[in-house]
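Below are the chains, spelled out letter by letter.
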Amino acid sequence: MAVYEQTYKPYTGKLTPEWSRFLIIPRHAFRGVFSSKLFTAFYVVCFLPILIEAILIYFHHNITALAITNLNPRQLLPIDGSFFEYFVFFQGGFAFFVALLLGPPLVSRDLRNNALPLYLCRPFTRTEYVIGKMSVLLILLSGITWVPQLLMFLFQSYLEGFAWFRSNLWIASAILIAGIVWILLLALISQTLSALLKWRIVASGAMLGIVIIPLAFVGIFNFIFLTRIGNLFSLVTLMTNITQGLFGTFDRVAGRVVIGAFDDGPGREILLIEPPLWSSWAMLFVICAICLVILNWKVKAYEVVK
Amino acid sequence: MELSEHSVIRKSMALPASVPDEPIKQQPAYSEPPVIDLHGLSVSFGRRQILKNLRGDLRGKAIGLLGPNGAGKTTLIHTLLGFHPPSAGTAQIFGLDIVNQAKEIKSLIGYMPERDSFIAKMSAVHFVRLMGELSGLPSDAALERAHEALFYVGLGEARYRRLETYSLGMKQLAKLAQAIVHGPKLIFLDEPTNGLDPPARLRMIKLIREIRDSGYAQIVLSSHLLLDVEECCDEILILRDGQIAVYCNLEEERKSNRKFLMLETRGDHQKFVDALAQLGCEYAVSADHRLKIVLQEGIEVRDLYRLADETKVQLRRLSYKRDSLEDIFLRAMENGYGGL
Numbered sequence: 001m002a003v004y005e006q007t008y009k010p011y012t013g014k015l016t017p018e019w020s021r022f023l024i025i026p027r028h029a030f031r032g033v034f035s036s037k038l039f040t041a042f043y044v045v046c047f048l049p050i051l052i053e054a055i056l057i058y059f060h061h062n063i064t065a066l067a068i069t070n071l072n073p074r075q076l077l078p079i080d081g082s083f084f085e086y087f088v089f090f091q092g093g094f095a096f097f098v099a100l101l102l103g104p105p106l107v108s109r110d111l112r113n114n115a116l117p118l119y120l121c122r123p124f125t126r127t128e129y130v131i132g133k134m135s136v137l138l139i140l141l142s143g144i145t146w147v148p149q150l151l152m153f154l155f156q157s158y159l160e161g162f163a164w165f166r167s168n169l170w171i172a173s174a175i176l177i178a179g180i181v182w183i184l185l186l187a188l189i190s191q192t193l194s195a196l197l198k199w200r201i202v203a204s205g206a207m208l209g210i211v212i213i214p215l216a217f218v219g220i221f222n223f224i225f226l227t228r229i230g231n232l233f234s235l236v237t238l239m240t241n242i243t244q245g246l247f248g249t250f251d252r253v254a255g256r257v258v259i260g261a262f263d264d265g266p267g268r269e270i271l272l273i274e275p276p277l278w279s280s281w282a283m284l285f286v287i288c289a290i291c292l293v294i295l296n297w298k299v300k301a302y303e304v305v306k
Numbered sequence: 001m002e003l004s005e006h007s008v009i010r011k012s013m014a015l016p017a018s019v020p021d022e023p024i025k026q027q028p029a030y031s032e033p034p035v036i037d038l039h040g041l042s043v044s045f046g047r048r049q050i051l052k053n054l055r056g057d058l059r060g061k062a063i064g065l066l067g068p069n070g071a072g073k074t075t076l077i078h079t080l081l082g083f084h085p086p087s088a089g090t091a092q093i094f095g096l097d098i099v100n101q102a103k104e105i106k107s108l109i110g111y112m113p114e115r116d117s118f119i120a121k122m123s124a125v126h127f128v129r130l131m132g133e134l135s136g137l138p139s140d141a142a143l144e145r146a147h148e149a150l151f152y153v154g155l156g157e158a159r160y161r162r163l164e165t166y167s168l169g170m171k172q173l174a175k176l177a178q179a180i181v182h183g184p185k186l187i188f189l190d191e192p193t194n195g196l197d198p199p200a201r202l203r204m205i206k207l208i209r210e211i212r213d214s215g216y217a218q219i220v221l222s223s224h225l226l227l228d229v230e231e232c233c234d235e236i237l238i239l240r241d242g243q244i245a246v247y248c249n250l251e252e253e254r255k256s257n258r259k260f261l262m263l264e265t266r267g268d269h270q271k272f273v274d275a276l277a278q279l280g281c282e283y284a285v286s287a288d289h290r291l292k293i294v295l296q297e298g299i300e301v302r303d304l305y306r307l308a309d310e311t312k313v314q315l316r317r318l319s320y321k322r323d324s325l326e327d328i329f330l331r332a333m334e335n336g337y338g339g340l
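Chains as they are written, first to last, in my numbering: chain P, 1 to 306; chain A, 1 to 340.
Derived by calculation from the structure, the hints in this document are not laboratory data. Heads up, some of the hints might be wrong.
Claimed, not checked - To give a feel for the contact side, a few chain A residues facing chain P, derived at Cβ under 7 Å:
#, residue
1, Leu-81
2, Phe-83
3, Ser-87
4, Leu-108
5, Tyr-111
6, Ser-123
7, Glu-133
8, Leu-186
9, Arg-209
10, Ile-211
11, Gly-215
12, Tyr-216
As the list claims (entries may be wrong) - Chain P side only, calculated, beta carbon under 10 Å to chain A, not exhaustive:
#, residue
13, Thr-12
14, Leu-15
15, Arg-21
16, His-28
17, Phe-30
18, Gly-248
19, Thr-249
20, Phe-250
21, Asp-251
22, Val-253
None of the values given here were measured: they were computed from a predicted structure. Backbone N, C-alpha and C define an ideal beta-carbon position, used for all residues, glycine too.
This is chain P alone, in the form it adopts within the complex (with noise of 0.2 Å):
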């Protein structure tokens, strides 16, 4: 079908493996998303924290800098599984602002303009849609979560020694784990209301309230019950214990209560016990599975009115 033909003519040369056609879906949509110079700004922005990180561990090394900028290793942070923890949740951050921009509008665009049906006619399935339009987000979020801390251990483990590197793998895991499920959580999340709400502000919006507001509620509630059940129903409290399980941080007693302490007698003494950790990742699971059963409701060529 040459230009100058003219006619129609069908295909007769290779075609690619079917496994791989999912990523089409994120080539096509990073041309889209890097267009914008205020997004790649604030992209490039998102590394900064890695930076910082990558000079606090080069400075810790480095005797002939320490000495020039004459300071103590060990006022400098400790290079362990807090220093990691900490870059882990302040990049955390910045992905959820990544897919806070990036994540609304994917679906909702398509099933606006009906484009639905054009990718389901094809070889093309509706779980190799929901992968490739999560892979979109799953590819950046990685690029500013886990790979470049997983990069900041290796560069730790360089300078200090093989043997460090042996005895706090766990890190490593940590940071592997923690990373994959925030963004696979964030990606799920924002398909979902993608899907669900169809307009790209008010997607953006309900996934802002959706990590804001049961923040808020779940503050008030734990404070009025002297209790720290609620943190279950809060996606940032959630994750908050998930990850401080996985380095190693975490801990039931989240604090201590004394009521009644005005009175004559010495006041009663309330233990502040945060739900255990298997129960958090129970809630993860019912909130990925609630997020697939929507996206699996929504996704589909067409509506079918019943």
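Once you've looked at the hints, dock chain A against the given chain P.
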């Protein structure tokens, strides 16, 4: 023997589907599997049955799907594309089952949806390229064919424009381009001329006929515009209330109606009609000295001139006519259901 106009048309039709007391024609033995083979296909949405036990095989180069609104045309296409699961029965496309071999089928077909469908914030060439890649074409081949497809449908000059800026007619052409970019063997066109002005409609019809005549692709054209189907298709399936009302091979139909004449007379019309009856012609009288005549074997047009001369009647107009698709369609809406 005087016949009503309706009965003349009925006698002249070779429609096994619409004549229940006639035996169903034996299909000739084919080496190739049919384009579409329906095996008691039924589709229900909730309690509502949309398609009811559709049976038959379609082999035409261009198959027209006709029917009034809500007859099930689009549902049939969507089911064949795998968008809706059958509630009973199944269907095959090129011998491949629509349920179990959906992916294989989808690599052989192209689909132009009825509604506005595009991916926002993309130029036409980017959009068609993406569609090509999703069909399995490597990136460079998809880009090359996207340019070619857009030139082919007449959007060559506008291919770098964003789809949102396209007019309705241009969007229809872009939809056609994405349906053919991967060179499918079968193309489903759902109301391709919807909303087009006459020149744009003619262009679309011309493209569909070109694709059909290329011999590389077969076409299923769903439309409620009889003229579109008549101009493009050689086989039609008329649906009514989710059932097959009529199956008709238009080519055979055209051949079988060669001796169907439209006549206009001046003079003693009744004398001429009586003479025709004596000659053994089937005819139907309509208003204003007009006659529809089915010539029997052995009777030629010159016999009509002779009769006219004998009865002192002027023949003002004489033209061969076949049943129009409109006649077939209207009869299908009046008559019962049939299969292939």
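Results for each hint:
The criterion of a C-beta within 7 Å of any C-beta in chain P is met by Leu-81(A), whose closest approach is roughly 5 Å, and the hint holds. Using the Cβ-Cβ criterion of 7 Å, the hint placing Phe-83(A) at the interface with chain P is satisfied: the shortest such distance is roughly 4 Å. A cut of 7 Å between beta carbons decides the hint on Ser-87(A): the least distance to chain P is about 12 Å, and the hint is violated. Given the 7 Å rule on beta carbons, the hint for Leu-108(A) is violated: about 9 Å separates it from the nearest Cβ of chain P.
Because the closest C-beta pair between Tyr-111(A) and chain P is about 4 Å apart, less than 7 Å, the hint holds. The interface hint given for Ser-123(A) is violated, since its Cβ lies 11 Å from the closest Cβ of chain P, which is over the 7 Å cut-off. Interface hint at Glu-133(A): satisfied, since its Cβ lies 5 Å from the closest Cβ of chain P, which is below the 7 Å cut-off. At about 11 Å, the closest approach between the beta carbon of Leu-186(A) and any beta carbon in chain P exceeds 7 Å, and the interface hint on this residue is violated.
A hinted interface residue such as Arg-209(A) counts as satisfied when its beta carbon comes closer than 7 Å to some beta carbon of chain P; here the least separation is about 11 Å, so the hint is violated. Because the smallest distance between the Cβ of Ile-211(A) and any Cβ of chain P comes to about 5 Å, under 7 Å, the interface hint for this residue holds. At its closest, the beta carbon of Gly-215(A) sits 9 Å from a beta carbon of chain P; the interface hint therefore is violated under the 7 Å criterion. Interface restraint check for Tyr-216(A): the shortest CB-CB distance to chain P comes to about 5 Å, inside 7 Å, so the restraint holds.
With a least beta-carbon distance of about 8 Å to chain A, the hint placing Thr-12(P) at the interface is held under the 10 Å criterion. For Leu-15(P), the interface hint holds, the least distance from its beta-carbon to any beta-carbon of chain A being 4 Å, beneath 10 Å. Interface hint status for Arg-21(P): upheld, as the beta-carbon distance to the closest one in chain A is roughly 6 Å, under 10 Å. For His-28(P), the interface hint holds, the least distance from its beta-carbon to any beta-carbon of chain A being 5 Å, beneath 10 Å.
Proximity of Phe-30(P) to chain A is violated relative to the hint, the smallest CB-CB distance being about 13 Å (cut-off 10 Å). A hinted interface residue such as Gly-248(P) counts as satisfied when its beta carbon comes closer than 10 Å to some beta carbon of chain A; here the least separation is about 45 Å, so the hint is violated. Hint on Thr-249(P) is violated. Least Cβ distance to chain A is approximately 44 Å, over the 10 Å limit. Of the supplied interface hints, the one on Phe-250(P) is violated, with its beta-carbon coming no nearer than about 44 Å to a beta-carbon of chain A, more than 10 Å.
Hint on Asp-251(P) is violated. Least Cβ distance to chain A is approximately 48 Å, over the 10 Å limit. Hint on Val-253(P) is violated. Least Cβ distance to chain A is approximately 52 Å, over the 10 Å limit.
The structure fails hints 3, 4, 6, 8, 9, 11, 17, 18, 19, 20, 21 and 22 (numbered hints given earlier, in ascending order).
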